[in-house]
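Q: If you want the building blocks of each chain, they are given just below.
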Amino acid sequence: MNNLKTFTNGLIKENPIFTLLLGMCPTLGVTSSATNGLGMGLATAFVLIMSNLVVALIKNLIPDKVRIPSFIVVIATFVTIVEMTMQAYVPSLFESLGLFIPLIVVNCIVLGRAEAFASKNNPISSILDGAGMGIGFTLGLVILGATREFLGSGKIFNANIYPEDFGMLVFVLAPGAFIALGFLIAIINKMKQTA
Amino acid sequence: MAKTESSLKNMFLTLLVIALIAGTSLGFVYKFTKEPIEASKLAKQQMAIKKVLPEYDNDPASEIYELKSQEGYVLKAFPAKRNGELVGVAIETITKKGFSGEIKIMVGLQPDGTIINYDVLEHKETPGLGSKMAFWFRPADNSAEKNNNEKNSFFKWLYGIKDGGGGNRSIIGKNPGKSNMKVSKDGGDIDAITAATISSRAFLDAISIAYVTYTNEKNKTNAKTGASKQIKEGGNNE
Amino acid sequence: MTYVLIIISAIFVNNIVLSQFLGICPFLGVSKRISTAIGMTGAVTFVMVIATIVTYLVQKLILDPYSIGYLQTISFILIIAALVQLVEIILKKVSPPLYQALGVFLPLITTNCAILGVAIMTILKDYNLIKAVVFSASTAVGFGLALVLFAGIREQLDLVDLPKGMKGTPIALIVAGLLALAFMGFAGLA
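Chains as they are written, first to last, in this note's numbering: chain A, 1 to 195; chain B, 1 to 238; chain C, 1 to 190.
Hints in this document: simulated from the structure, not taken from any laboratory. Glycine residues also receive a C-beta, built at the ideal position from the N, C-alpha and C atoms.
Capping the alpha-carbon separation at 30 Å, the derived lysine-lysine pairs in DSSO-like fashion look like this:
{"id": "1", "chain 1": "A", "residue 1": "Lys155", "chain 2": "B", "residue 2": "Lys124"}
{"id": "2", "chain 1": "B", "residue 1": "Lys68", "chain 2": "B", "residue 2": "Lys96"}
{"id": "3", "chain 1": "A", "residue 1": "Lys13", "chain 2": "C", "residue 2": "Lys167"}
{"id": "4", "chain 1": "B", "residue 1": "Lys76", "chain 2": "B", "residue 2": "Lys97"}
Across the chosen pairs, the derived CB separations fall in these ranges:
{"id": "5", "chain 1": "C", "residue 1": "Gly42", "chain 2": "B", "residue 2": "Lys218", "range": "52 to 60 Å"}
{"id": "6", "chain 1": "B", "residue 1": "Lys185", "chain 2": "C", "residue 2": "Leu98", "range": "48 to 56 Å"}
{"id": "7", "chain 1": "C", "residue 1": "Ile153", "chain 2": "B", "residue 2": "Lys218", "range": "57 to 65 Å"}
Example chain C residues on the side facing chain A (calculated, C-beta under 10 Å, incomplete):
{"id": "8", "residue": "Gln20"}
{"id": "9", "residue": "Gly29"}
{"id": "10", "residue": "Gln72"}
{"id": "11", "residue": "Phe76"}
{"id": "12", "residue": "Asn112"}
{"id": "13", "residue": "Ile120"}
{"id": "14", "residue": "Gly165"}
{"id": "15", "residue": "Met166"}
{"id": "16", "residue": "Ala176"}
Just chain A, same shape as in the assembly (with noise of 0.2 Å):
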């Protein structure tokens, strides 16, 4: 039953984008579409989980002093196998997101999670952690990214839904990113105040 709630907690409560305003950076970047978004999420979703699973294994083991610079290299060690494994397998999705890959390793909930969670608890619900905070960030992203798409483009998920040409550009471009996210978040706090 713990184990459920340590799951959802990510998904709702705190989701990591809506709720919790971490790893800004690529929401806003990568979000042009839902595919993109989908994309990026799994990937942080991959890291999260296993260097969860990996800190969990491996927190005793580590000195208290050198604790941030052991994790920050198993985090990057997986971002690197996922960069790797992306640029081989799904080439195209490899360059539309482009830089934001290897920032995967600075993206705030990746570290904050090891740090305040993996680090102190068990490794089955570490990785149930990384796996509802991964969830629920490509949650969010998938959201951003579909809005944007269809209200800049007439598209979710690449499928027509009114014609291109009517589309509002702005939100495929810079702007519409941040326009976008503060808007679903006070769509989000509204929703949260009425219930």
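Chains B and C: place on chain A using the hints.
A: For chains B and C alone, kept in the frame of chain A given last:
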């Protein structure tokens, strides 16, 4: 299990061991993914070459040679041959005049310089505006756009938009030596992408760089070998 | 001429925060007061330039010759983390007033993706060392410009009567969006 103490020796050893494990495991992954990465890069290049050239029976990528443009760019050229005769050259061309940086285009030229087809390899132009160059400069019935237009007819009717009637956009089958490859705003023959004149200029710039570099090089080698082979006056038969 | 282009492009056209989406966390986090925004900018400029130089040398002198480019991410982030610690220790000893001004911001910088982002971009763009320094410094100026402008607007936002759901982050994000829209006017300049 007791927590390891933070003594200097312990700290040093832990970091060393972690770094070693990380380095080795990355080395392994690198080894496994190296080939697929190169293969996928190669496949992309092959596809672009195939798209912009007529049928050929050699391997253009293995006969690659480099051209130096007047601007100092190094262009890659992939000659395509059928039965030993040159039928076209795919040139990977580049311009830095884009709206937001470099644009890389693979363009296929007939031996006389007539444009066969093109493929935009890399660009950072504005999505929805400059990015339209991927299909804009092709004949309208050749692209996904026509399909799109039919789908949009209801909305066009709703908003009272009339079709502009194609215009003079296509560069396919044109020879940059004979027609004025500039946007109509600059007195040329080609209509620029709506609301993306700078991107269109840059696109045409890259194409003419490829053309000029290719013909200069050809004239040079022709003069050198003294070949009196007449360059066939190719018509717009593509 | 190239240098002028690099500077204008890094500050205005490709502003690191408003069009590249790097360094958003400090952008939203420490932009409530202009004074803290200026302190953060100082710390970021300092670390960004040093980090770019060191990572550049590591890439050219170690990673490239031994063709172990796949260790780029891991080595760069470790260098940055170590560098931040080092800067903190040195500042504390050498210049206590500067340390007091920048000290609180330094630990935050390790996870500032702008630093790692600029280090990697420098390698991707294939700059030489001087261009790398110019690029990183002007990127930091661009970061500071966006941060200070944003902080100035946010100070005023406190006085505005807003719907409850809009208060705090949402309105800040929308303001950032409008700023980004304004910065788009610079596009095509370089």
